[in-house]
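Enquirer: Below, each chain spelled out in residue letters.
There are 2 protein chains.
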Amino acid sequence: MTELKDAIASCAREVERVMEFLLPEADDAEARLFEAMRYSCLGGGKRLRPFIVVESCKLFAVDPRCAYRVGAALEFMHCYSLIHDDLPAMDDSDLRRGRPSCHKKFDEATAILAGDALQALAFEVLSAEETSSDAWVRAQLVAGLARAAGGTGMVGGQMIDLLAEEKEIDIGAITRLQRMKTGEIFAFAATSGAIMGHGSKRHTHALHSFAQELGLAFQIADDLLDFEGDSNTTGKPVGQDVAAGKSTFVSILGPERARSQAKLLADQAARALDLFGERADLLKQVAAYVVDRTH
Amino acid sequence: MTELKDAIASCAREVERVMEFLLPEADDAEARLFEAMRYSCLGGGKRLRPFIVVESCKLFAVDPRCAYRVGAALEFMHCYSLIHDDLPAMDDSDLRRGRPSCHKKFDEATAILAGDALQALAFEVLSAEETSSDAWVRAQLVAGLARAAGGTGMVGGQMIDLLAEEKEIDIGAITRLQRMKTGEIFAFAATSGAIMGHGSKRHTHALHSFAQELGLAFQIADDLLDFEGDSNTTGKPVGQDVAAGKSTFVSILGPERARSQAKLLADQAARALDLFGERADLLKQVAAYVVDRTH
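Protein chains in written order, with numbering that gives the first Met the number 0: chain Z, 0 to 294; chain X, 0 to 294.
Each hint should be verified, as a subset may be incorrect.
The list treats identical chains as one, so a pair stands whether inside a single copy or across any two.
To be verified - Derived DSS-like pairs (lysine-lysine); straight-line CA-CA distance at most 27 Å:
hint: 1; residue 1: K45; residue 2: K200
hint: 2; residue 1: K166; residue 2: K104
hint: 3; residue 1: K166; residue 2: K57
hint: 4; residue 1: K262; residue 2: K104
hint: 5; residue 1: K103; residue 2: K4
hint: 6; residue 1: K200; residue 2: K103
hint: 7; residue 1: K245; residue 2: K103
hint: 8; residue 1: K245; residue 2: K4
hint: 9; residue 1: K104; residue 2: K200
It is worth saying that the hints were derived from the structure and are not from the lab.
Keep in mind that this is a model prediction, so the values were computed, not measured.
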């Protein structure tokens with residue numbers, strides 16, 4: 000696991016560098032907006048999604064500079080979703096990565112706009128020639144991320160998640176909502192290399208399966224951290240799901256069955272990548288890593 | 000002007016039809032999100048930006064079906080910006096197009112998410128093969144709209160606009176902010192035909208000049224409507240700028256000089272299109288139309 004942790008940390012540093020390059024400080028009247036975008040994007044985070052992008056791209060021998068740009072774009076999208084999720088009208092969370100959330104550090108209007116601008120930036124980066132000299136690839140990346148992030152993906156999942164606070168939902172409904180809320184973005188990350196490197200349908204399908212199982216394992220681990228974690232290590236408030244009376248994998252399955260389910264999903268995720276041989280070793284280890292993480 | 004009004008109305012009907020097709024009712028758990036998106040997008044609006052897209056595309060003999068899709072995507076982007084601008088943390092506006100604004104009809108969380116999903120949808124539509132069989136065109140459209148809508152465009156302009164409520168700004172600063180807030184989106188609309196039809200630099204430049212002048216004329220007319228308009232015809236509250244002590248073209252120039260400035264800009268906008276001959280007649284009339292409009 001040390002090799003994986005080093006690889007994730009090394010990738011995170013490079014992604015951070017690319018994000019910083021793509022998100023310059025502005026000294027004009029809109030400086031406050033860029034300050035808020037930089038505050039919420041830079042200086043922290045495991046950059047797990049970009050890591051999956053970069054490892055997926057390695058399987059198809061994609062130029063690493065292009066891979067890091069796709070990783071940065073995806074992280075901009077992820078950061079925008081965190082800013083909006085933390086807003087008072089949504090999860091009303093004051094803490095993110097151990098620091099005040101964007102609307103606490105700035106204000107609500109700035110946080111809404113910073114999120115909006117980050118979403119646009121994600122698509123701007125994907126559609127730029129520096130990301131791929133192949134226009135088909137650029138258009139496919141945009142189409143894939145737009146679908147994963149929109150009303151039938153991440154944002155749709157967040158809507159269902161908010162509504163789920165008001166009513167009990169069953170395990171099937173939670174699974175569907177989490178596949179939308181986090182699974183589609185993981186699927187984009189995992190299959191991005193196949194888009195960039197014109198991978199076969201078989202390879203794309205395998206990466207998609209990996210991502211679906213990984214996303215669910217990740218979410219169950221997230222629910223467990225909220226249930227029994229420590230806000231000092233998670234860097235965000237814990238116990239919020241129980242306080243909100245929200246149905247989660249843990250509230251329905253109980254912590255022990257939830258943990259064994261997460262491990263089972265992680266194993267399935269890893270096995271989906273068998274066809275890539277040892278070139279996919281780090282991606283396979285990611286599955287075990289997300290289940291064992293403490294933050 | 001009757002010919003123009005008929006053309007705008009006819010275009011609006013077709014754009015509405017395409018938007019409705021692209022925004023189906025959902026009957027699943029995320030139905031509320033799609034209901035809010037449809038509420039804010041369908042059933043109203045002049046669809047001025049799509050009209051400019053469609054007329055721009057005609058100059059380059061682009062397939063109208065493709066032009067309407069680009070127009071619909073741009074209108075999704077516009078509608079998302081209106082939803083977020085109306086939020087309590089932003090302009091706090093209860094009325095839009097004569098109906099309750101999205102967060103009043105639904106709630107704040109739903110309005111934030113509906114806006115987020117509409118932005119993603121705009122890029123999803125632009126990047127789809129149905130919009131252009133030429134991947135380069137799809138990628139260019141995405142790049143252009145992402146730049147126009149992001150932190151250095153529409154969202155950046157909105158940030159400066161909010162900050163301008165707290166301090167007096169001069170005419171140069173207002174011009175820059177409005178070029179960002181509305182001008183960039185108009186520029187995308189006007190040049191979209193040149194992207195779709197691989198227009199020359201000279202043609203693209205002319206359309207860009209047209210849009211810049213048009214955007215400012217439009218904004219001055221908007222300020223005049225807020226200053227002296229009637230909420231029964233505008234469909235939104237009036238007198239908000241004065242109440243907020245906000246610097247606008249009207250507060251600085253006074254209503255009469257503002258009006259003559261708007262007419263001057265509209266004339267300049269029209270003249271920028273002289274090289275297209277009478278094929279650009281409707282676009283030229285749009286410039287006069289936006290200055291004379293009462294809503």
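Enquirer: Within, between, both or neither: how does the pair K262, K104 come out at a Cα-Cα threshold of 27 Å?
Expert: For K262 and K104, neither the intra-copy (37 Å) nor the inter-copy (43 Å) Cα distance is at most 27 Å.
Enquirer: If the cutoff is 27 Å on CA atoms, where do K200 and K103 land: within, between, both or neither? Let me know, please.
Expert: Neither, since 45 Å and 46 Å both go past 27 Å.
Enquirer: What label fits K166 with K104 when the C-alpha limit is 27 Å: within, between, both, or neither?
Expert: between (32 Å within a copy, 21 Å between copies)
Enquirer: Check K104 against K200 for me: Cα-Cα at most 27 Å, and say if that holds within a copy, between copies, both or neither.
Expert: Neither. Shortest intra-copy (45 Å) and inter-copy (44 Å) distances fail the 27 Å Cα cut-off.
Enquirer: Within, between, both or neither: how does the pair K45, K200 come out at a Cα-Cα threshold of 27 Å?
Expert: neither (30 Å within a copy, 44 Å between copies)
Enquirer: Check K245 against K103 for me: Cα-Cα at most 27 Å, and say if that holds within a copy, between copies, both or neither.
Expert: both (24 Å within a copy, 25 Å between copies)
Enquirer: One pair to classify: K103 and K4, alpha carbons no more than 27 Å apart. Within, between, both, or neither?
Expert: Neither, since 31 Å and 47 Å both go past 27 Å.
Enquirer: Checking an output row: K166 and K57, CA cutoff 27 Å. Within, between, both or neither?
Expert: Answer is neither; intra-copy 43 Å and inter-copy 51 Å both fail.
Enquirer: Within, between, both or neither: how does the pair K245, K4 come out at a Cα-Cα threshold of 27 Å?
Expert: neither (32 Å within a copy, 52 Å between copies)
The structure shown violates the earlier hints numbered 1, 3, 4, 5, 6, 8 and 9.
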